[in-house]
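Each chain, written out:
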Amino acid sequence: MSFTQQKEDKKAEELLVRDFQAGNLEAYDKIAKLYQKKIYALSFNLMRNQMDAQDVTQEVLLILFRKINTFQGKSAFSSWVYRITLNASYMKLRSKKKEPNISIDELLPSFNGAGFQQEKIQDWSENTESLLFTNETREIIKKAVDLLPEKEKVVFLLRDVEGLSTENVGDVLNLTIPAVKSRLHRARLFLRKKLSGYFGASNSKKGEI
Amino acid sequence: MICCKECIDLLYDYFEGSLDQDTTQSLDEHFQECPPCVAFLNTYKVTTVLCRDTLNQIEIPDEVRHTLKNFLKEHKNE
Ligand SMILES: [Zn+2]
Chain A
1 MSFTQQKEDK KAEELLVRDF QAGNLEAYDK IAKLYQKKIY ALSFNLMRNQ MDAQDVTQEV
61 LLILFRKINT FQGKSAFSSW VYRITLNASY MKLRSKKKEP NISIDELLPS FNGAGFQQEK
121 IQDWSENTES LLFTNETREI IKKAVDLLPE KEKVVFLLRD VEGLSTENVG DVLNLTIPAV
181 KSRLHRARLF LRKKLSGYFG ASNSKKGEI
Chain B
1 MICCKECIDL LYDYFEGSLD QDTTQSLDEH FQECPPCVAF LNTYKVTTVL CRDTLNQIEI
61 PDEVRHTLKN FLKEHKNE
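Sequence order for the protein chains is A and B. The opening position of the first sequence corresponds to residue 1 in the working numbering, with each subsequent residue numbered one higher. The opening position of the second sequence corresponds to residue 1 in the working numbering, with each subsequent residue numbered one higher.
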C-alpha cells in the first residue's frame, strides 16, 4: 500500500469515527466491518480457540459501540481497538489455566567466550518452499508461536503478523521503540530456533518441535 | 573483525537498514567470512516470512461471522 493511500485510509477512518461519535449508526457498521477481522485474527492467534475468539470479538465490538465517546483521538483509532482487544483476550486467558511458557533464554543463540557461533547452524532457508503449504508445517509454526512468552508474542503478532509500525506497537503496548525492537528480535530468534528443529532436520529425519 | 554475537544482536537493525554505514559494512565483512552467520541470517529472515504468511491467513469462519452479525443487530437496538 502506498503512503498516500495509507494517509487517505486514515483520514476516511477518522471521519467514520467522528460520524459515529455524532450518533451515525451506519458509520458504526462500517467501523465494525473494517475491524472485526483484525480483532478476531489477533484474539484467535493469542488464544487459538474459535469460541474464545468469537466471545472476545463480540465484547470488543460492544465496547466500541458503547464507549466510542471515551476515544479522544490522542492515539490512532486502530491502536485503541488493538488495546481493547488485547485486554479482553488477556482477561479471557487469565480465566483459564494455562501451561507455563518455556523460558525464552533457553532458545536464544549461544556463543563461545569470544562471541563466536558455538552451535552448528544449518541453512534451511531454501528447504521451506515445498513445506510451506502443508498442514503439518502450518501446525508446527502455530505451535512454535504459541510457545512464545506472552511479552514477546504480542509484539510479534502486532508487528510481524498484523503489520503495525514499530511506533504503533509502542503506542498500543505503552512501550518505547527500543523495547518494541528488542522484544521483536527476541521473538524472531526464538521462532528461528524452534523452526530450525523442524526444517533443519527435515532433510534427514523430521525433527520434533 | 566483530564477533558473531555482535552481528546477531544487530540483525534486526541490519534488516531495517537503520545501522550507520560503517557498522553495516563491518557486518557485511563478517558475513563474507562466516558461513554460520549467513545461515543464521537466512533462516532468521525466512522465519519471519513463514510465520507471518501462516498466521495472517486467519479468516473469520462463516458461523462466527453469522453470530457476530446477529449480535450486532441485537445490540444496536438496545
Ligand atoms: Zn559469525
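Treat the hints with caution; some may be incorrect.
Under 7 Å between C-beta atoms, here's a sample of chain B residues computed to sit facing chain A [claimed, not checked]:
{"id": "1", "residue": "8"}
{"id": "2", "residue": "12"}
{"id": "3", "residue": "14"}
{"id": "4", "residue": "15"}
{"id": "5", "residue": "17"}
{"id": "6", "residue": "21"}
{"id": "7", "residue": "31"}
{"id": "8", "residue": "32"}
{"id": "9", "residue": "46"}
{"id": "10", "residue": "60"}
{"id": "11", "residue": "69"}
Just so you know, the hints here were simulated from the structure itself, not pulled from any lab data. Just so we're clear, the structure is a prediction, and the values are computed from it rather than from any experiment. We put the CB at the ideal spot given by N, CA and C, even for glycine.
Against the structure, the hints come out as follows:
no. : hint : in the structure
1   : 8    : holds, 6 Å
2   : 12   : holds, 4 Å
3   : 14   : violated, 11 Å
4   : 15   : violated, 10 Å
5   : 17   : violated, 13 Å
6   : 21   : violated, 20 Å
7   : 31   : violated, 12 Å
8   : 32   : violated, 15 Å
9   : 46   : holds, 4 Å
10  : 60   : holds, 5 Å
11  : 69   : violated, 9 Å
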